[in-house]
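J.: Sequence:
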Amino acid sequence: MGELVNPYIAGAPVTEARMFFGREDVFEWIQSSITGQYADHILVIHGQRRVGKTSVLKQLGNRLPRRYIPVFFDLQGRTHTTLDRFLWWLAREIVRVLKQDRDIEVPLPDKESFSADLEYFENRFLPDLKPVLGGGTLLLTFDEFDNLEESEVKESLARPLIDHLRRLMGSGGLNFIFSIGSSGRKLENMQAAYTEFFKTALYKKISFLNEEQTRSLITRPVEGILEYDKPAVKRIHKIAGGHPYFTQLTCHELFARCQRTDQRHIRESDIEAVLDDVVERGTVNLKFVWDEASDIEKWSLAALAQMEGKADNRALADTLKKQHVRFSESDLTSCLLHLREKDILTPENRFVIHLLRLWLEKNRSIEQVREELTEVNPIANRYIEIGLEFKDSRLYDKAVESFQQALAVAKDNIQAQVNIALVYMDQKAYDKAIIEFEKALIIDDEDVAARAGLCEAHRLWAIRQCKRDARRKPCNPISACWRSTPSTPKRASAWRS
Numbered sequence: 085m086g087e088l089v090n091p092y093i094a095g096a097p098v099t100e101a102r103m104f105f106g107r108e109d110v111f112e113w114i115q116s117s118i119t120g121q122y123a124d125h126i127l128v129i130h131g132q133r134r135v136g137k138t139s140v141l142k143q144l145g146n147r148l149p150r151r152y153i154p155v156f157f158d159l160q161g162r163t164h165t166t167l168d169r170f171l172w173w174l175a176r177e178i179v180r181v182l183k184q185d186r187d188i189e190v191p192l193p194d195k196e197s198f199s200a201d202l203e204y205f206e207n208r209f210l211p212d213l214k215p216v217l218g219g220g221t222l223l224l225t226f227d228e229f230d231n232l233e234e235s236e237v238k239e240s241l242a243r244p245l246i247d248h249l250r251r252l253m254g255s256g257g258l259n260f261i262f263s264i265g266s267s268g269r270k271l272e273n274m275q276a277a278y279t280e281f282f283k284t285a286l287y288k289k290i291s292f293l294n295e296e297q298t299r300s301l302i303t304r305p306v307e308g309i310l311e312y313d314k315p316a317v318k319r320i321h322k323i324a325g326g327h328p329y330f331t332q333l334t335c336h337e338l339f340a341r342c343q344r345t346d347q348r349h350i351r352e353s354d355i356e357a358v359l360d361d362v363v364e365r366g367t368v369n370l371k372f373v374w375d376e377a378s379d380i381e382k383w384s385l386a387a388l389a390q391m392e393g394k395a396d397n398r399a400l401a402d403t404l405k406k407q408h409v410r411f412s413e414s415d416l417t418s419c420l421l422h423l424r425e426k427d428i429l430t431p432e433n434r435f436v437i438h439l440l441r442l443w444l445e446k447n448r449s450i451e452q453v454r455e456e457l458t459e460v461n462p463i464a465n466r467y468i469e470i471g472l473e474f475k476d477s478r479l480y481d482k483a484v485e486s487f488q489q490a491l492a493v494a495k496d497n498i499q500a501q502v503n504i505a506l507v508y509m510d511q512k513a514y515d516k517a518i519i520e521f522e523k524a525l526i527i528d529d530e531d532v533a534a535r536a537g538l539c540e541a542h543r544l545w546a547i548r549q550c551k552r553d554a555r556r557k558p559c560n561p562i563s564a565c566w567r568s569t570p571s572t573p574k575r576a577s578a579w580r581s
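Under our numbering, think of the first position of the sequence shown as 85, with each following residue one higher.
Simulated from the structure, these hints should not be mistaken for lab results. Among these hints, one or two may not hold up.
[To be verified] Within a straight-line C-alpha distance of at most 30 Å, the following computed DSSO-like cross-link-like pairs (lysine-lysine) qualify:
#1 Lys495 <-> Lys512
#2 Lys382 <-> Lys405
#3 Lys195 <-> Lys238
Keep in mind that this is a model prediction, so the values were computed, not measured.
Whenever a hint applies, use it, and build me the whole structure from the sequences.
T.: Written as structure tokens, this is what we have:
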């Protein structure tokens, strides 16, 4: 098998019709939308990264009636420019497609004409095309349209371009399809920023393949070469969740394994053998989900990846509380709803793509998330440094003041709070130290220094009480401590430790 070319396409858009599977519902929706009562409306397809939006646009020429002439235009790398140059690029691409796909000769547009007149594309170039199209319809498809959301191009290109396209809506012989990613809040942000443009748009979410479509994607490219067991096909569908990219990536690794071993039959055990390689090769796209997640989403994803069995909202909330994550019930509800809308979690809080869970288990443990999300406040750190200098010099009042200033800019700074308690310990003001250690344990009841300090403060305070009472009756420091200090969960927990 070593001489055979790996047929699975992991990453690049699928341009060959024979390697494209599924999406019949999407093409039916597109055709009915551009031919029916909504023919003058723009169409928007949206979905996760690498889910196949670009491949859908690339396949339109193979799926639509011939009178539609799809012109694919990728905005990636083409947004840092001016409107006149962008429209010139678009016009050149239209000319190229007409020549290549329909053998229609159109003169290349003159760049200076677009620079001299911003209306040239609308008033001269498009009208001049109509006679040569023979009643055909140009279908302009803009991929990665959300690249216009980059802050540095909003004013220079995004707004003038969208205003220009809006004027073209409803023009005879012209339709539009826009591809927008669903990661983060891109779709919502664009809808909010350009309400007039998108208010009449029709939307279609590009989601994952069903089991039958996944089976075709897995088996048909290698018919007569490899054979998959049924359990192996089911396992691939489960770990990739029907995501086309991760399905192709898994199969690509399996084919490469077969080339090395010269085997022709793939079993479920073979899939387990390549999982680590699949996760490693898919890291860029798996990490993309993480990078676009909010803080509460990151905490939730990391926690769910490590939770076995029960993963309902209550169990997740309990886990997060044990990790001292601060959130409200509405925060968590909104977070989970957003992750489900993005096809990351199921309604039962399971991972749609099992590979994402494997990546999280390996790369984003709760401890790693805590380290990533714990912000280092340089101002608070400087106040702590000053406070420690005052403490070493026995300038206790100034030390406490510095630590309090640190807490003013970082209220959950456990180091500052513990140091206030330690200042009182140095002054043998054990009653005040107890209060400050208690405050520290409210911030983090697992903090070792706070737990040990609270226990020591109680012990020394109790010894002092015993000495005061020694002339009246024998005294046990431990019992004196328990009799004389407030009974709180923090105190009991610290003493048990």
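J.: Is the hinted pair Lys495 and Lys512 satisfied, with a Cα-Cα distance of at most 30 Å?
T.: Answer holds: Lys495 to Lys512 is near 25 Å, not above 30 Å.
J.: Would the hint linking Lys382 and Lys405 be met if the CA-CA limit is 30 Å?
T.: Satisfied, since the Cα-Cα distance of roughly 14 Å is no more than 30 Å.
J.: Between Lys195 and Lys238, is the straight-line Cα distance small enough, at 30 Å or below?
T.: holds (23 Å)
This entry satisfies every hint, going by the numbered hints stated previously.
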